[in-house]
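Here the protein sequences line up with chains A and B, keeping their order.
Be aware that the first sequence starts at 199, since it is given in our numbering, and climbs by one per residue.
Be aware that the second sequence starts at 199, since it is given in our numbering, and climbs by one per residue.
Hints in this document: simulated from the structure, not taken from any laboratory.
Any given hint might turn out to be false.
Because identical chains cannot be distinguished in the list, a pair is counted as satisfied if it fits within a single copy or across any two copies.
DSS-like cross-link-like pairs, simulated, lysine-lysine; straight-line CA separation at most 30 Å [stated by the list, open to error]:
hint, residue 1, residue 2
1, LYS232, LYS393
2, LYS241, LYS383
3, LYS241, LYS378
4, LYS272, LYS241
5, LYS260, LYS383
6, LYS241, LYS264
7, LYS428, LYS534
8, LYS280, LYS499
9, LYS530, LYS341
10, LYS391, LYS280
11, LYS280, LYS383
12, LYS522, LYS393
13, LYS570, LYS499
14, LYS272, LYS260
15, LYS272, LYS499
There are 2 protein chains.
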Amino acid sequence: MGKEIQWNDQVDVLIVGSGFAGLTAAIEACESGKDVVIIEKMKRAGGNSVISDGGIAAPGTKLQKKRGIEDSEKMMYDDMLKAGLGLNHPNLLRTVVSNARGAFEWTLDALDVPYLDRVDIFGGHSVPRCYTPEGVTGGTILKKLLQKVDELGIPILYSTSFRSIMTDEQGHVTGGNVLKEYDYKTDTGIPAKIKTKRGIILASGGYGADVPFRSIQDPRLDETIQTTNKPFATAEVLRAALSINAASVQLSHIQLGAWSSPDEHGFGHGPLFADYILFQYGMIVDPHTGERFVNELGDRKQSADAILRTGHPCIGIADDRSVKYSGWDISKAIRKGVVRTFDSVDDLAAFYDMNTAVLQASIGRYNGFVQKGTDDDFQKPIVDDASPIENAPFYAMRLWPKVHFTMGGLSINERSQVLDFSGNTVDGLYAAGEVVGGVHGASRLGSCAITECIVFGRISGQNI
Amino acid sequence: MGKEIQWNDQVDVLIVGSGFAGLTAAIEACESGKDVVIIEKMKRAGGNSVISDGGIAAPGTKLQKKRGIEDSEKMMYDDMLKAGLGLNHPNLLRTVVSNARGAFEWTLDALDVPYLDRVDIFGGHSVPRCYTPEGVTGGTILKKLLQKVDELGIPILYSTSFRSIMTDEQGHVTGGNVLKEYDYKTDTGIPAKIKTKRGIILASGGYGADVPFRSIQDPRLDETIQTTNKPFATAEVLRAALSINAASVQLSHIQLGAWSSPDEHGFGHGPLFADYILFQYGMIVDPHTGERFVNELGDRKQSADAILRTGHPCIGIADDRSVKYSGWDISKAIRKGVVRTFDSVDDLAAFYDMNTAVLQASIGRYNGFVQKGTDDDFQKPIVDDASPIENAPFYAMRLWPKVHFTMGGLSINERSQVLDFSGNTVDGLYAAGEVVGGVHGASRLGSCAITECIVFGRISGQNI
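Chain A extracted, bound-state conformation:
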């Protein structure tokens, strides 16, 4: 039946993508005795992982115990399920939380990742359980992973784009079609076929920057909506898997960052001000009305949806006391013009073309809620150290959501094997990281993405 395939290369395991999930999978697969190759379409490793802050969540760690923080797998499970609106796949969520501590310890023991001596809490977590590497960047973890990959002699083929999955007549994965010497700008390269004896691990990331793909699932997310992701966060590998009958899970669950500025590209510097100062201590107004319209401490989905519904960027406002109290250095955001300072509320109102009297009234009403400790309008939880917005200079930032994370992706089981729509495994196909769907349900909590990458990276590498 048909002519023999001309293979250009042969390996046990082909890994697609060199972010945290792919590199972790490669290390585990190699250490369990398999011959591994990693392909990466760009010229350097790291994908979106490298632009993250590197925070990883895990329950029951020594760092928590040292600080007397009571935590458990069940508590993390419940937090993620609550954020996910109960739509998380229970078996995958359980796999992530029960392997989270092991994943974090593996980054310490096997990789020697240096972490800051602190345990942080982010929105939606019920206790501090987030560990941040030195430099507050995923680059710190990436460097250690690449060192290990290098030590083990695992080749990374850069500028190599994955195009399609080859299967035999029984549907078993036999290899992949790739483009070598891939030119990202022209989407061209030299075709080659890599034969895989054990299979392929897809660790190609999300589709946050793939406008046609994401807007099929959420038509609001057309080209007018930016993304915090790198522009190469596209869906071609996911499409390739779907086209051989892999099942998609919850592709329409796409997370928007409400802390984003339309006045800078990518993740940028605004989110530090918005997420760490403004949402806790400040307020957001619609410049067309001069009034508040949302609980600033709602979850990412609530805030982003509310801002989108106004139809235009909204204005976040905080005062000097809160900025100083927070201790965060927002000078970069100010230098870039993303956060602006004003000597008075009148100046701020004039700059954003708002009615001063209305804005003053909105601030006064909000300050009243701060003083009595309850927000009658939007039920924002008033934090203990909140203070009224009253001390100049006033800080303001335009807010307009950006696509941040795609919860949807491929259907997998607890062993990281890709499934079809009937729940059967696609033989020889594994997936890990953001390309997988179902772990986070409707909404992902901060610092749980890296946990997922390491957990399923390890599992896929061990099992393939």
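Since the structure of chain A is already known, use the hints to place chain B on it.
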């Protein structure tokens, strides 16, 4: 390349499914001169369409004008977009609303469907725009469609199950694999190949009864959750399209009916009491706490999610005055034991194992809201003709959501052509009705499903 295919049959157009979308498509295709065959896996026509109440929504009709009802395509568009949380595909939604009146008039002029002389409003519509056929059943429309199909001499092959789509090397649809003499219980039949000169129209309905398929997208919807659909509302035709690279849209958007009873199968008799009496004039309590927990007039999604979160069926309560005032005959629900009557609140509490004092207090609190016209706890809009719950007998019904409608499905364009994940058409493949995704976004409004079936049934039949 390979041996010649042995075709058992040849037509211009193969239509899969004999509900409203499929029959409408067949009539239009035939009337535009094409040779058409309809296949239906069951022994009779109608699918889920026949169990609906037959209500169809359209703006700007004569029936509205006669009653002085101001309506427009824009108003219907906005209502559906609001219910859909802005996630509706704008081009498909526009196509539905701008062809809705024409579709309704076609059922009058071409089919002679008899409608009741009334215009109804259902939750989420801003004005009355829903027309109900005589008998308050989709069966009335079905009969007229079947008469027309018969007049035109279009064959319906019953007990014929669609299995897969055949394409040529360029990906053009060339025909379908079917099972004739299909036995639904054993899922077996006699394989046959039908060649299609122009293509295939998929009108196979939703996946509300397909537990494995739906629970991949919403893991809460396992086998413990019933459906109002017929048990044959499964996804095999949708899967067949996905496997030749058709794009899925919003598969995780699955609508639950909050007005369902766990004490009867299918749609049943409880919803009449719940949706038309209880939600307006009564209250829902969690039997474990004896307290209210939701706005009874929230949209389907809000109410169903809230009931699901309690983890157990909840109790809806209304009093005799409201039941009598509503004018609805709920005797069937009472005879079936789905709605129960009690001489006193004490009896009701005892039957459902609730603390009487707590329940009395909850009713008292709710009655206070009715009297002052505002619900401080859950912001239920208190209708003008609301009255306190105080007159025996008291009516109660257990509520537990059932899967009602699947908003997700295949990606199509305004011409009803199926698209892939890059937005390209799959040549020769069309889809209409519930198998299509994107028209309704996050949530479908009542009586808009039949509008969609007729609109895209007509468009697909005309265009193929």
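Outcome of the hint check:
1. LYS232 x LYS393: So LYS232 and LYS393 pass the 30 Å test inside one copy only (14 Å; across, 47 Å).
2. LYS241 x LYS383: within (12 Å within a copy, 55 Å between copies)
3. LYS241 x LYS378: within (11 Å within a copy, 55 Å between copies)
4. LYS272 x LYS241: neither (41 Å within a copy, 50 Å between copies)
5. LYS260 x LYS383: Neither: 46 Å inside a chain and 56 Å across chains, both beyond 30 Å.
6. LYS241 x LYS264: neither (42 Å within a copy, 69 Å between copies)
7. LYS428 x LYS534: within (20 Å within a copy, 59 Å between copies)
8. LYS280 x LYS499: both (13 Å within a copy, 17 Å between copies)
9. LYS530 x LYS341: Cα proximity of LYS530 and LYS341: one copy only (25 Å, versus 70 Å across).
10. LYS391 x LYS280: neither (44 Å within a copy, 49 Å between copies)
11. LYS280 x LYS383: neither (41 Å within a copy, 39 Å between copies)
12. LYS522 x LYS393: Cα proximity of LYS522 and LYS393: none, with 58 Å in one copy and 74 Å across.
13. LYS570 x LYS499: within (27 Å within a copy, 34 Å between copies)
14. LYS272 x LYS260: within (17 Å within a copy, 59 Å between copies)
15. LYS272 x LYS499: Both: 24 Å inside a copy, 27 Å across copies.
Hint compliance for this structure: hints 4, 5, 6, 10, 11, 12 are broken, all remaining hints hold.
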